[in-house]
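Engineer: Sequence:
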Amino acid sequence: MYYFIKYGYDGTKFSGFQRGNGRNSVEDSIINTLSRYEICQNIESAARTDRNVSANGNVFLINTERNIIDIMGILNAELEDMFFLSYAILKNYMNPRHNSMKMYSYILTERHDMEDLMNRLYEFKGTHDFRNFCKLDTRNTERTIDNISYSKVDKFSVINFYGKSFIWHQLRSIMAFVLSGNTDPFSLKKKYTYLAPPEPLILRDIMYDGIAFTEFNYIKHKRYMQRTSDLIKIRYVLYEIFNGNI
Numbered sequence: 017m018y019y020f021i022k023y024g025y026d027g028t029k030f031s032g033f034q035r036g037n038g039r040n041s042v043e044d045s046i047i048n049t050l051s052r053y054e055i056c057q058n059i060e061s062a063a064r065t066d067r068n069v070s071a072n073g074n075v076f077l078i079n080t081e082r083n084i085i086d087i088m089g090i091l092n093a094e095l096e097d098m099f100f101l102s103y104a105i106l107k108n109y110m111n112p113r114h115n116s117m118k119m120y121s122y123i124l125t126e127r128h129d130m131e132d133l134m135n136r137l138y139e140f141k142g143t144h145d146f147r148n149f150c151k152l153d154t155r156n157t158e159r160t161i162d163n164i165s166y167s168k169v170d171k172f173s174v175i176n177f178y179g180k181s182f183i184w185h186q187l188r189s190i191m192a193f194v195l196s197g198n199t200d201p202f203s204l205k206k207k208y209t210y211l212a213p214p215e216p217l218i219l220r221d222i223m224y225d226g227i228a229f230t231e232f233n234y235i236k237h238k239r240y241m242q243r244t245s246d247l248i249k250i251r252y253v254l255y256e257i258f259n260g261n262i
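Letter by letter, the sequence shown follows residues 17 to 262 of the working numbering.
By construction, these hints were calculated from the structure, which means they are not laboratory data. Misleading hints may appear alongside valid ones.
Straight-line distance between alpha carbons at most 27 Å, and here's what the computed DSS-like set of lysine-lysine pairs gives [stated by the list, open to error]: (1) Lys29 to Lys238; (2) Lys238 to Lys141; (3) Lys151 to Lys29.
The structure displayed is predicted, hence computed values, not measured ones.
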């Protein structure tokens, strides 16, 4: 039986995403747990994130005869700093990379003129050749960004990108470009060499046409995330005091 599993992780807690990338990459952590419980020996990932980039809605495919509820329970019990949100039962094999839409967000901790910043970001909307805003490999560098928006979370602004696919380093390169005050991105004659930090970037969701996900009640991780959130807020205030801002 084929299943999609939607999951999230704090990217700063892992040595990278791909298997073989250090002792505790995201993929290795999942595969090792699935193997140890004799569930399956492999997964197929929908998206690979840079080191220190987090996710709230990445997806992987597994093929197993084990009960999916048991699998979700095992993964949530065994893997801290990851949370396994929902699952979809597939009638047949489907490549998890064949999604209909991805959503990424980039968190801004400093104050910005958001109208000016968004006007510069809007230059990237639509279909373009992003060869000067990515790490080149064998893939086609033409991509479509369907929409860019922003929202406010407390003092912070969150930039949201929507598109079917993004190429390696594309969004971090775009954010570095606009945060440096640059305009007219596609007049560049050579690669833009700067990257925004990875920690503020999060893969928010991956969507599929005709695929319905069933939520899993991961009570343990909800409690863990609330405790972690509270501790982070305390540390934030602590360092505001250290900086003389309070």
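Engineer: Against this structure, judge whether each hint is valid.
Structural biologist: Now the hints, each set against the structure:
1. Lys29 to Lys238: holds, 17 Å
2. Lys238 to Lys141: Violated, at roughly 35 Å.
3. Lys151 to Lys29: holds, 24 Å
Violated hints amount to a single one, hint 2; each of the other numbered hints is respected by the structure.
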